[in-house]
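Engineer: Residues per chain are reported as follows:
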Amino acid sequence: MAVVERPQIYAGTRIPSPVPTILEVPEALRLSDDILEINFGPNHPSTHGVLRLIIELHGERVVGLRAVVGYLHTGFEKNMEYKSWWKAVTYSPRIDYLSFQANELVFVLAVEKLLGIEAPQKAVWMRMLLTELNRIHSHLIWLATAALELGAISMFWYCFREREQILDLFELVTGARMHTRYFQVGGLAEDIPRGFFPEARRFCDRMPKAIDEYEALVDQNEIWLERTKGIGLLSSEDALALGQSGPVLRGSGVDWDLRRDQPYLAYESVDFNVPVYENGDVWDRYKVHMDEMRESTRIAVQCLNRLQRMDGKPWSIDDRKLVLPPREELHTSMESLIHHFKIVTEGYRVPEGEVYTTVESPRGELGCFVVSDGGAKPWRVKFRAPSFVALQATATCMSDALIADLIAIVGSLDTVMGEVDR
Amino acid sequence: MPGFVESRNERGEQTVVIEPERLVEACEHLREDGFNFLSDVTAVDYFGWGSKGVAGYIGTASGRNLNAPGSQGLERQPSVKPKRFAVNYHLLAIPDGRRARVQVWLDDGESVPSVVRVWPTADWHEREAWDMMGIRFEGHPNLSRILMEDDWEGHPLRKDYPLGGEPVRFSGDE
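From first to last, the protein sequence lines are chains Z and G. Residue 219 in my numbering sits at position 219 of the first sequence, and the numbers go up by one each step. Residue 151 in my numbering sits at position 151 of the second sequence, and the numbers go up by one each step.
Since the hints were made in silico from the structure, they are not lab data. Hints may contain errors.
Derived DEER-like restraints, expressed as beta-carbon distance ranges [as the list claims (entries may be wrong)]:
no. : chain 1 : residue 1 : chain 2 : residue 2 : range
1   : Z       : PRO314    : G       : ASP107    : 22 to 32 Å
2   : G       : SER144    : Z       : LYS209    : 48 to 58 Å
3   : G       : GLN14     : Z       : LYS321    : 43 to 53 Å
4   : Z       : ASP255    : G       : GLU32     : 15 to 25 Å
Far from chain G by the CB rule (all over 12 Å, computed), these chain Z residues [what the hints assert, rightly or not]:
no. : residue
5   : SER17
6   : ILE35
7   : LEU57
8   : THR180
9   : GLU199
10  : LEU240
11  : ASP261
12  : GLU328
13  : GLU352
14  : GLU365
15  : GLY367
We put the beta carbon where it would ideally sit given N, CA and C, even for glycine.
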């Protein structure tokens, strides 16, 4: 096996100037007549959606690069302004279709902060459990597709095997495999169903072994090593300046995780490590993803332990002006019927104000800025999408890279185009 | 701080309002102060804000004071905003974890200086604010549309831009 030199993080900045996101062809090369301009995407199997990169090549070397996004723009934020708070929750998971729980969580947390309410403990721990499972789900898809793009097709099938189990768990709890809309303002939409805990435990027992299997597949694989080590370098200073977060930031040696450093939900009461790697290459981002899956499994087990002792506890606050009354009451109670009607038609009102909440989504810092005028609909909702920011690092990571490494580098930034374009 | 107008702390979030003219100076000052991470740039359009009073039950954790303005019966107006648009910069200091929001106010047609030179990550955030809200960022190296097409007319997230504002073309329209 070839010995791969560990790369040194470069000195100084590599962020292109004057536009940080556009790699410009050097003037001397531009005149040389040897530049080939090609379109990578928007329809390309390796673009994780519809990303278009305009690349200028000199031989096999990428000398110019510009990203064009917006092909998936659907106007989620505009639409949310026209829906009552209660209905707007449904939009948030669809923004990032791989980490839907995190998007749902950040919006619900923002509305709860405006209202000044706190969800009951059972809801808090269940939210943590599901977002951690969702993190594993998202990382699995990242690993599956990133490896697939580098030719490791079998990885795809292995990862989707475990992903299927996670989706089955979501289906068991919420009735939906994706876009669950299980979190809602005040707690959860339903109680945890019977039969969930044994299934979830079986998965948590299985997952560490599955991660060992993935690592056995690629960790010693010469092709994988050659194609990931020392590729797509991003120093910690550049990562911070470019606003990178999540695995990209931690792969560049910045020890920062919102779950540990600005705990929300009940992350201060669980025990987990934050993996950090120093070299800022594709390999390190891969290692961060793998370690995070292990840590997420650990958190999930701790959540399960806690939740199993909460049987019979409330899963949602008991404020009939905010959460729907139990279904069975509608047949016997006039009051409940009125409350149900009022919430579904008019919705509840949220006090005037503006809040910015952040959670650590699988892709990094996911923020939600919400402005309310005191009415029944949000005045403005803005999602700080980590994928949108991650794509800005493409030009920096790609400087002096070869065309063949483009796939590995863009893949390692773990972008979901639905979230980029919103 | 340069260009300081006012500062408020609501719901545990620190907001600093800055004069648009001195935004870059203030941002450089904040970056020196440890805010090395620009999390987000959000433009908000307050067109029509407070044009109708809000009444009805306001969900709160404890209060059901029916005699307070804004609860059932009595109408309440939201607080007056100084200008039409606000641009919010959400800052984070890594590793000590402080957060702050820098806010500038402007009317339609006015511009704010770009902070791309302070935090390169502002590049796409500002392009998005221009595309969606029509906020012009002075000194941005590449202020073009990012999510909408290059020849799009209007700025879709403005309040006077209707939902479903895309014109429908018919074959007989030629």
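Engineer: Which numbered hints turn out to be false for this structure?
Structural biologist: 1, 3, 5, 10, 11, 13, 14 and 15
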